[in-house]
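One letter stands for each residue in the lines below.
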Amino acid sequence: MQSVAQMPEFRTRSVSRAARMAQLVPTLVLLPTLITTGIYIFVFVCWNIYLSLSSSTLLPVYDFAGFDAYTRLWRNPRWTTGVNNLAIFGALYIALSLLVGVVLAVLMDQRIKGENFLRSIFLYPIAISFVVTGTTWQWILNPSTGLEKFFHDLGWTSFEFSLITSRETALYAVVIAAVWHASGFVMVMVLAALRGVDHDVVKAGRIDGAGMFKIYRRIILPSIWPVIISVLIILLQFAIKTFDLVLALTHGGPGISTTFPAIFVYDRLFAAGELAQGAAAAVWLLIGLTVVLLPVIALGWVLRKQRNGGGHA
Amino acid sequence: MARLTIDSTWKKYGEFLALRDINLDIRDGEFVVLVGPSGCGKSTLLSIIAGLEETSYGTLTLGERDVTDLSAKDRNIAMVFQSYALYPTMTVRQNITFGMENRRVPKDAQKKVVADVARLLQIEPLLDRKPSQLSGGQRQRVAMGRALVRDPQLFLFDEPLSNLDAKLRVEMRTEIKKLHKRLGQTIVYVTHDQIEAMTLSDRIVVMNGGVVQQFADPDTIYREPANKFVAGFMGSPSMNFIDMEVEGRQNDIRLVYRSNGAELAIPLGRRHEELLPYVGGKVTIGARPEHFVLDSKQDGTLVPVSARVEVVEPTGPDTMLVFQVADLSLVAVLPANFRPAEDEVINLLLDLEHVCFFDPETTVRIPRI
Amino acid sequence: MPDTDTLPDFNRKKPFNPRRFATRVAVYSILIVVGLFTIMPLAVILLNSLRFNADILRESFIGWPTRITLENWDVAWSSACINASCTGVKPYFIASMLMVVPATLISTAIGLVNGFALTKWKMPFASVVFVAITIGVFLPPQVVLLPWAIALSWLGLSKSLAGLALVHIIQGTCFTTLFCRNYLVNLPDDLIKAARIDGAGFFRTFWKIVVPLSPPIIIVTIIWQFTFIWNEFLFAVTFSSSDFRPITAALMSLNADDTGVSEYGFGSAAVLIAAIPPLLIYFFGGRYFVRGLTQGAVK
Numbered sequence: 033m034q035s036v037a038q039m040p041e042f043r044t045r046s047v048s049r050a051a052r053m054a055q056l057v058p059t060l061v062l063l064p065t066l067i068t069t070g071i072y073i074f075v076f077v078c079w080n081i082y083l084s085l086s087s088s089t090l091l092p093v094y095d096f097a098g099f100d101a102y103t104r105l106w107r108n109p110r111w112t113t114g115v116n117n118l119a120i121f122g123a124l125y126i127a128l129s130l131l132v133g134v135v136l137a138v139l140m141d142q143r144i145k146g147e148n149f150l151r152s153i154f155l156y157p158i159a160i161s162f163v164v165t166g167t168t169w170q171w172i173l174n175p176s177t178g179l180e181k182f183f184h185d186l187g188w189t190s191f192e193f194s195l196i197t198s199r200e201t202a203l204y205a206v207v208i209a210a211v212w213h214a215s216g217f218v219m220v221m222v223l224a225a226l227r228g229v230d231h232d233v234v235k236a237g238r239i240d241g242a243g244m245f246k247i248y249r250r251i252i253l254p255s256i257w258p259v260i261i262s263v264l265i266i267l268l269q270f271a272i273k274t275f276d277l278v279l280a281l282t283h284g285g286p287g288i289s290t291t292f293p294a295i296f297v298y299d300r301l302f303a304a305g306e307l308a309q310g311a312a313a314a315v316w317l318l319i320g321l322t323v324v325l326l327p328v329i330a331l332g333w334v335l336r337k338q339r340n341g342g343g344h345a
Numbered sequence: 238m239a240r241l242t243i244d245s246t247w248k249k250y251g252e253f254l255a256l257r258d259i260n261l262d263i264r265d266g267e268f269v270v271l272v273g274p275s276g277c278g279k280s281t282l283l284s285i286i287a288g289l290e291e292t293s294y295g296t297l298t299l300g301e302r303d304v305t306d307l308s309a310k311d312r313n314i315a316m317v318f319q320s321y322a323l324y325p326t327m328t329v330r331q332n333i334t335f336g337m338e339n340r341r342v343p344k345d346a347q348k349k350v351v352a353d354v355a356r357l358l359q360i361e362p363l364l365d366r367k368p369s370q371l372s373g374g375q376r377q378r379v380a381m382g383r384a385l386v387r388d389p390q391l392f393l394f395d396e397p398l399s400n401l402d403a404k405l406r407v408e409m410r411t412e413i414k415k416l417h418k419r420l421g422q423t424i425v426y427v428t429h430d431q432i433e434a435m436t437l438s439d440r441i442v443v444m445n446g447g448v449v450q451q452f453a454d455p456d457t458i459y460r461e462p463a464n465k466f467v468a469g470f471m472g473s474p475s476m477n478f479i480d481m482e483v484e485g486r487q488n489d490i491r492l493v494y495r496s497n498g499a500e501l502a503i504p505l506g507r508r509h510e511e512l513l514p515y516v517g518g519k520v521t522i523g524a525r526p527e528h529f530v531l532d533s534k535q536d537g538t539l540v541p542v543s544a545r546v547e548v549v550e551p552t553g554p555d556t557m558l559v560f561q562v563a564d565l566s567l568v569a570v571l572p573a574n575f576r577p578a579e580d581e582v583i584n585l586l587l588d589l590e591h592v593c594f595f596d597p598e599t600t601v602r603i604p605r606i
Numbered sequence: 006m007p008d009t010d011t012l013p014d015f016n017r018k019k020p021f022n023p024r025r026f027a028t029r030v031a032v033y034s035i036l037i038v039v040g041l042f043t044i045m046p047l048a049v050i051l052l053n054s055l056r057f058n059a060d061i062l063r064e065s066f067i068g069w070p071t072r073i074t075l076e077n078w079d080v081a082w083s084s085a086c087i088n089a090s091c092t093g094v095k096p097y098f099i100a101s102m103l104m105v106v107p108a109t110l111i112s113t114a115i116g117l118v119n120g121f122a123l124t125k126w127k128m129p130f131a132s133v134v135f136v137a138i139t140i141g142v143f144l145p146p147q148v149v150l151l152p153w154a155i156a157l158s159w160l161g162l163s164k165s166l167a168g169l170a171l172v173h174i175i176q177g178t179c180f181t182t183l184f185c186r187n188y189l190v191n192l193p194d195d196l197i198k199a200a201r202i203d204g205a206g207f208f209r210t211f212w213k214i215v216v217p218l219s220p221p222i223i224i225v226t227i228i229w230q231f232t233f234i235w236n237e238f239l240f241a242v243t244f245s246s247s248d249f250r251p252i253t254a255a256l257m258s259l260n261a262d263d264t265g266v267s268e269y270g271f272g273s274a275a276v277l278i279a280a281i282p283p284l285l286i287y288f289f290g291g292r293y294f295v296r297g298l299t300q301g302a303v304k
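Residue numbers (this note's numbering), protein chains in the order written: chain A, 33 to 345; chain B, 238 to 606; chain C, 6 to 304.
Heads up, some of the hints might be wrong.
[Claimed, not checked] Anything over 12 Å on all C-beta distances counts as not near chain C; from chain B, calculated:
id	residue
1	Ala255
2	Gly288
3	Glu301
4	Lys310
5	Ile314
6	Val317
7	Met327
8	Ala352
9	Asp395
10	Gly446
[Unchecked claim] Straight-line distance between alpha carbons at most 25 Å, and here's what the computed BS3-like set of lysine-lysine pairs gives:
id	chain 1	residue 1	chain 2	residue 2
11	B	Lys367	C	Lys127
12	C	Lys127	C	Lys18
13	B	Lys349	C	Lys19
14	C	Lys164	A	Lys273
15	A	Lys145	C	Lys164
16	B	Lys249	C	Lys213
17	C	Lys18	A	Lys145
18	B	Lys348	C	Lys213
19	C	Lys127	A	Lys235
20	B	Lys344	B	Lys367
21	C	Lys19	A	Lys235
22	C	Lys18	B	Lys344
[Claimed, not checked] Computed spacing ranges between beta-carbons, pair by pair:
id	chain 1	residue 1	chain 2	residue 2	range
23	C	Ser163	A	Gly70	19 to 25 Å
24	C	Ala131	B	Ala346	45 to 51 Å
25	A	Thr322	C	Ile35	52 to 58 Å
Derived from the structure by calculation, the hints contain no laboratory data. From a predicted model like this one, the values you see are computed outputs, not experimental measurements. Don't be surprised by glycine CBs; every beta carbon is placed ideally from N, CA and C.
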C-alpha cells in the first residue's frame with residue numbers, strides 16, 4: 033500500500049518530434065475545411081450583414097447607412113406578403129407532411145406485403161428537384177390543361193379546380209406540391225424509428241390489454257420523438273428556403289400572392305438592384321431560421337436530458 | 238523480453254485525475270495482471286504503457302530504453318484488444334503481416350514468421366479467411382498471432398477474454414498461461430475478472446480510483462489484502478465486513494457488535510494482540526465466506542456463532558448460505574451436502590486464524606504481530 | 006422427448022376475423038390510394054412525353070396516349086428552344102454533369118478524410134470544426150449569396166462552371182463531413198489503436214483500414230451529394246450565364262417561357278431528362294438512399 037502522494041507540478045512535457053508530426057497531419061488535413069467553412073460562415077455572413085447596413089443599390093457600396101434598408105423592407109408589400117405566406121405555408125406544410133408521413137409510416141408498419149415497392153413509390157419525390165416538381169404540378173393544377181380539363185372531358189362539367197389561378201388559394205397549390213414532395217421522406221424517417229422501438233415494450237403493452245391504436249398513440253409514437261424533432265428541423269429549414277418550387281409552380285403569382293421571402297431576396301439582389309435591401313432580407317431569413325430552430329433544438333435537448341437524467345447514478 | 242519500470246506516473250484529463258503516482262517495477266518475463274472495477278484507471282494505465290496515451294508526469298522504462306516520449310509503433314510492444322480489433326477487410330494473413338509491411342520487413346521473412354506463428358497457434362487453415370468468417374475463439378487466436386509476430390519486448394492484453402462465452406474463456410485462459418510458460422514473455426494483462434487475475438498472474442496490481450492499492454502475488458493479495466478495498470474486491474462471494482467494538486485488556490480482548498438489543502461477541506483471548514491499541518475503539522473484522530466452518534476438527538482458533546438461515550443456494554461443489562447474526566446479513570460457503578432449512582438456527586464456527594482486521598478510519602489492514 | 010415421427014398439422018387455418026379483415030382492407034386501400042396519388046405526376050409526364058402535343062392540347066394534360074411518338078424526346082434533347090437558343094437541353098445536361106460529378110467526388114473525398122480526422126484523432130479544435138460544419142449545413146444560402154457573387158467575381162470565376170463547382174464543394178463539404186463523421190464515429194477505436202501499434206500513420210491507416218470499411222457511407226454520400234447538387238437551383242441560377250447553365254436553371258427558363266403555344270410534349274420530355282439522373286440513382290441505390298436519410302439526418 034502506498035500513501036497518496038502529493039500531486040506534482042504538471043509541466044508541459046516536451047513531446048517528441050515524431051509524436052508532434054503524427055498530431056500535425058490530421059490538423060493539416062482539417063485546416064482547409066476549417067478555413068473555407070470559417071470564411072463561408074463567418075466572413076460571408078458578416079459581409080452580408082455589413083452590406084445590409086450600407087446604401088448599396090446596383091453595386092456594393094461599403095458605407096454605413098444604418099438600418100435604412102431594414103425599415104424600408106418592412107414597408108414593402110412584397111416582403112410582408114412573403115413573410116405572411118411563409119408563415120401560413122410553413123405551418124400547413126409541416127403539419128400536413130408530418131400527419132401524412134406518420135399515418136403512412138404506421139400503416140406501413142402493419143406487416144404489409146410489397147413494403148419495399150410501396151416505400152420506393154412514396155419516397156421518390158424527394159429525389160426530384162423542386163423545379164421539376166413545380167413545373168409538373170403547375171401543368172397538373174392548371175385548370176385549362178390539368179385536372180379540371182381532365183374531369184370536364186370525362187363528362188363532369190361542373191368540376192372546378194382553380195386553386196392555382198386564384199389569388200386567395202394559389203398558396204394552397206404550393207402546399208400540395210410541397211407536401212407531395214416531403215411526406216414520403218417523413219414516412220421513411222418515422223418508419224425507421226418505429227422499427228427501432230424496443231419490441232418488449234410493445235409486447236408488454238399488448239399483455240396489458242392495449243389495442244394497436246392505443247399502443248401506437250401511447251407507447252410507440254411518444255418514444256420516437258427524437259426522430260420527429262429531427263424531421264421537424266429539416267422541414268423547417270426546407271420551408272424557410274422555399275424558392276425554386278414556388279418559382280416553377282406559380283412564379284410567385286398570381287400577382288404577388290404567392291411570393292416568398294427567399295424570392296424577395298433573389299429579386300432585390302439580382303433583378304431590382306437593391307443590394308442592401310436584399311441583404312437585409314437575407315439577414316431576416318437567418319434570424320427567422322435561428323428563432324424557429326433554437327426552441328426546437330432546445331426542446332430536443334431538454335427531452336433528451338430528462339430521459340437520460342432519470343437513469344443516471 | 239524486458240523489464241518495465243513505471244516511475245511516479247500521473248495522468249490527468251482536464252481536471253480529472255485518472256492515475257495518481259503509479260510506481261510499478263515489472264520483472265523480465267513476469268505475467269502481471271491489472272485488476273479493478275471499471276473506471277479504476279487500469280485501461281488508462283495500459284494505454285499509457287502502449288503509447289496510445291501520453292503521461293502527464295512520470296517516466297516509463299522498457300528494458301534499457303526510456304520510452305516515455307516514444308510513439309506506440311516505436312516502443313516494441315504488442316497489444317491484444319478486448320474487441321480483438323482485427324481489420325475486418327483484410328484476411329487473417331494480411332492482418333498478421335500488416336505491421337511487418339509497415340516496418341518494411343522483406344516478403345520472405347514475413348512468410349516465414351506467419352508460418353511459424355500460425356503453427357504455434359494452430360490457425361494455419363484460417364489464414365485466407367476474413368475475420369467475419371471466424372468464431373470468437375479463432376478471432377482471439379488471430380489477435381494473439383498478430384501480437385506474436387512482432388516478437389515484442391512486452392505484451393499487452395486488454396480484457397482479451399471478456400467477449401468469449403464462459404467455457405471458451407476457461408480454455409483460452411489455460412492456453413494463454415501455457416503460451417506464457419513456453420515463450421516466457423513479459424506480459425501486462427488487464428481484466429476485471431478476479432478469477433483470471435488469480436489464475437494467470439505472477440503478480441497482481443489491484444487498482445481503485447487511479448491509485449495502486451496493492452501490488453503482490455495472488456496468495457498475498459488474497460490472504461493479506463492491503464486494505465478493505467482489496468479484501469472486498471478479490472474473492473467471490475465477497476468478504477463479510479463487520480464494524481466491531483474492541484473491549485478488554487491484554488490477554489483478554491473481546492470484539493462486540495451491538496445493535497437494537499441484538500449482540501454478537503467474539504472473544505479473542507490472547508490472540509490478535511495487534512488490536513490492543515484499538516481497545517475502547519472500533520475495528521472492522523473481515524471474514525471470507527470460507528472462514529465459516531461447520532465442524533471443530535482442530536485447534537481452538539474457532540469461535541461459535543449462532544446463525545439464523547436466510548437463503549440456501551446450492552452451487553454444485555458448495556452450498557452458499559446467507560445467514561443472519563444479530564441484525565447482520567452474512568455469507569458463508571459450506572460443503573455441498575449441508576442443506577439446512579430456512580429460518581433454522583444453526584451453529585457456525587468462525588476461524589479466527591484467517592480473518593483480517595482493518596482500521597475503520599484508514600481502511601488499512603492491521604498487520605499481525 | 007417429443008415424438009419426431011409424426012409431425013402435427015401446421016396448416017391449421019385461423020378462424021376468420023371480420024374486424025381484422027376490414028382493417029387489412031382499409032390499410033391496403035389507403036396505401037394504394039396515396040401511392041397512386043404519389044406516382045400520378047411522374048406517370049402523367051412520362052405518358053405526355055410520348056404523346057403528340059396536339060393530342061395533349063386537344064384532350065387534356067392528363068390522359069392516355071392514343072398515338073405514341075418518341076419525337077418529343079428528340080426535340081427536347083437536341084432542338085427545343087430555351088431562351089431563344091434552340092439547342093435542346095443537351096448542353097445544359099452536359100454542363101450539369103461536368104459540374105456535378107467533380108463537385109460530388111471532391112466534396113465526398115474531403116468529407117471522408119475530414120470525418121476520419123475528426124473522430125479518430127484527438128484534435129484540439131474538433132468541437133469547433135463540428136459546430137462550424139453544423140452551422141454550415143443549416144445556413145440559409147440566401148445569406149451568403151451576395152458575398153459569394155462578389156467573391157467569385159474577384160476570383161475571376163463569376164458565372165462559370167468552376168465557380169459553381171467551388172461553391173458546391175465548399176458548402177457540400179459541411180454535409181459530407183457531418184455524414185462521414187456520424188458514420189466513422191461508430192468505427193471501433195481499437196482498430197485505429199491497433200493500426201498505430203502496427204506502425205501505420207494517418208494516411209496509411211486511412212487508406213488501408215478506413216477506406217475499405219467505408220463503402221456504405223461513400224455510396225450514401227455520393228448519392229446524396231449528386232442528387233442535391235444536381236437538383237439545386239438557387240446557386241445554379243445565380244452563378245450561371247448563357248455560356249454555362251445547369252439544367253435546373255435552363256428548365257426554369259423553359260417553364261417561364263409563356264410566349265407562343267405551350268409545348269407540353271417536349272416540355273414533359275425535358276422535365277423527365279432533368280429528373281432522370283437522380284431518379285436512376287434513387288431506384289438503383291434506393292437502399293443506400295434510405296440509409297443516408299435515416300442515418301445521416303437523424304443524428
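Which of the listed hints are not met by the structure? Hints 2, 4, 5, 6, 7, 9, 11, 12, 13, 15, 16, 19, 22, 24, 25 not satisfied by this model.
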